[in-house]
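Undergrad: Model the full structure from these sequences, guided by the hints.
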Amino acid sequence: MSTEANALEGIAPKAPPFEGLGRPIKGPGALTHDWRRFWHLTYNIARNEFKLKFFGSFLGYLWQVMNPLLLFGVLYVFFVVISKVGSHGKPDEQFYGVQLLGSIVLFSFFGEATGGAVRSVVDRENLVRKIQFPRLVIPLAMTLLSFFNLTMNLIVVFIFALISGVHPMLSWLELPLILALLVIFSTGLSMLLSALFVRFRDIKPIWEVISQIIFYGSPVIIPLQAVREKLLTPPHNSEVHQILYHIYMLNPLVTVFQQFRHAMVTNATISAENALGGWPAMLEPVGLALAVFVLGFWVFNRSAPFVAENL
Amino acid sequence: MPSAASTRAKAAVLPHRRNDPRPEQEVGCRANGTLTLMPQPSVSPPPIVVQSISKTFRVPEERVHTLKEYALHPLRNRRHQTFDVLRDISFHVDRGEFFGVAGRNGSGKSTLLKCLAGIYGVNSGRIWMDGRLSTFIELGVGFNQDLAARDNVILNGIMMGLTPREARRRVDEVIDFAELREFEELKLKNYSSGMHVRLAFSVAIQVDADVLLVDEVLAVGDAAFQQKCFDVFYRMRDEGRTIVFVTHDMGSLNRFCNRALLLERGQMVHLGEPHEVADRYLEINFGHATEASKDGATEPGRSGDGDARVLEAWIEDEGGQRPASVPQGQRIVLKTLVRFAVDVEDPIASLYVLNEDHVAIVVATTAREHERSGHFRAGEEMLCSFSFQNVLAPGRYNPLFTLAHRGTGMDLIDRMEGAFSFVVTGPEAMGGAVDLPVEVGISRNDAQLPASVEA
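Chain order of the listed sequences is A and B. Be aware that the first sequence starts at 1, since it is given in our numbering, and climbs by one per residue. Be aware that the second sequence starts at 1001, since it is given in our numbering, and climbs by one per residue.
Note that these hints are calculated values from the structure, not bench results. For clarity, every value in this text was computed on a predicted model and none was experimentally measured. One or more hints might be untrue.
Think about it this way: if two alpha-carbon atoms lie no more than 35 Å apart in a straight line, the pair counts; the simulated DSBU-like pairs of lysine-lysine are [to be verified]:
| # | chain 1 | residue 1 | chain 2 | residue 2 |
| --- | --- | --- | --- | --- |
| 1 | A | 204 | B | 1189 |
| 2 | B | 1189 | A | 130 |
| 3 | A | 53 | A | 130 |
| 4 | A | 130 | A | 204 |
TA: This is the structure in structure tokens:
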């Protein structure tokens, strides 16, 4: 018996010193076994932050919604009033104001969720170093908080849409799917960024630049139609342009924004599916979003046990 | 010796104090009718079991803080410095036990606590933890200054593992315990520091955890708060919760703990009775135990730098005799003779009279009234005497004498324990540690309430 134990010494762990012990504790990590506590923590942290922003300052929520509205105001004046987009009679430019506001609001979520997540773990250093809880709660709470804001903003968009005369369509049922893609992509990036920031403190300025690039690389200000005209119609559609277009379409946000315009505002705009060239091609941006999610989770999970020490 | 009757009376009246919570032994009955101690199989394993855990911190010699540095300097110095903060620690804590962890700064005790709490992961070994955990590494962790106190209490409750409904139900209890009822809607940033601490402490103890991990939290706070903390810990111990207590205050260790662990530089030095751990801790702290005394090898029970040596210690009664037992009510003197090996300035002599439970009943020191005890040259001798009225309860007592350099009294010259013991005799033991003269009175009261008996 003892020789057997000695032989196993290097391979198997020692026997537990008492009988009836269950599983040993796993130490800190991204997730824990207690799902209910995970959800309760995430929800309550997000809810408290939201309450603070909503009721915290004098005008409360108005400040929250002012940001996208101001941007919208400026762009609206430029595009609709000055350039008279939407009144040329082109069907895909119908309700341009609503399209614009919708894209801005969606990008706002993306920007807030990812930007807010970058510093989130480091800012809560005292929590992480003094209490045991699943670390993933922090970036997820930030994303959930941005989602609350998105919900409020979408209500404003809908009111604006109905006022402008947009008809309710059956394709409105696609909204959950559109939002799902957006959320998966944003959450993946949130996890990735918050984990990386603990180690590399210049992730924050780097991400700010990338975020801006994505803003201009998504159909918010520059509509998809313009990109297609530039890259796909002859005589400009060389090989290089085709590849550039392909890269452009890989961005899941392009799919999100464009499909939002198509399904929610007016069917006259080109749908994401058609812009990509059919259903199978839709797998590329969706796949990329899922890949980012998995990558973000993996990076976070790997670094989670050591976060307390590295801070 | 306390009689069986008084022991039973004591047990019936006083709250049940667990002095030895280990369930392994129980009085049983052999076949021939004699009583014996029988090993009893544990009903369930201990709530905390630690097996051979080790933890190492790897700190890179060149710390890379930015992605730019990481990417641009692939050939940089990748060497790490390793710090072994915990090495092969194994112990267990039984249910209801108050377990102390002591050690110097840097010994790894806070790291050990964080490993138990699940904040740090261990590099090898395993930890088993059974029951809901409450960690007190810092009070008020997770408090959001912009939220009202009420919201913070709820959030903290969820953080500690309660469901939102449970947390909301407990809010009132928590706020009442902290005596902050009028301020519950106020934002935390408007609280004074004392209110902060009261609220934080109240939140932490209301969680109803089975296992508590406490890390020197009591170092902050005023005396009133510390007393409140101590009261709570006494209560928790009496309720049978398992507590792991990290400290470097040997007084607390002795007062609260059933067993203790001493760590030094990540290794277990001693695991056992608190007073043993306290002694070893003092030795390590002043590093004199390893040095040989001036006369040669140190005997067991002695420690100190040996600049002087206690030659003799004895007890005298009123008549100047040296009896083995002294009755209550007389005046007794405990004397000690010290010879100096080197010149010492103003040494401090202290006496501790310990009873059989290793509780110090009488403590006296020359530092109080004879601060300037004088300059003693090598070869000179000093006689210290401690005289008091014998109100000790009947039993056996072990005096402990220490001689220390001027100052805090921790810098030991010599310490003599177990040189002799004496027995105090008297009428039936009532059960108290001392038998002070108490005037008892009964009289008839004209009001409705019956006469109260004081004892």
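Undergrad: A separate judgement is required for each hint: does it hold in the structure or not?
TA: Taking the hints in turn, this is what the structure says about them:
1. 204/A x 1189/B: Roughly 29 Å between the alpha carbons, so the hint for residue 204/A and residue 1189/B holds.
2. 1189/B x 130/A: holds, 21 Å
3. 53/A x 130/A: holds, 26 Å
4. 130/A x 204/A: Given that 35 Å is the threshold and the Cα spacing comes to 25 Å, the pair holds.
Taken one by one, the earlier hints all hold for this structure without exception.
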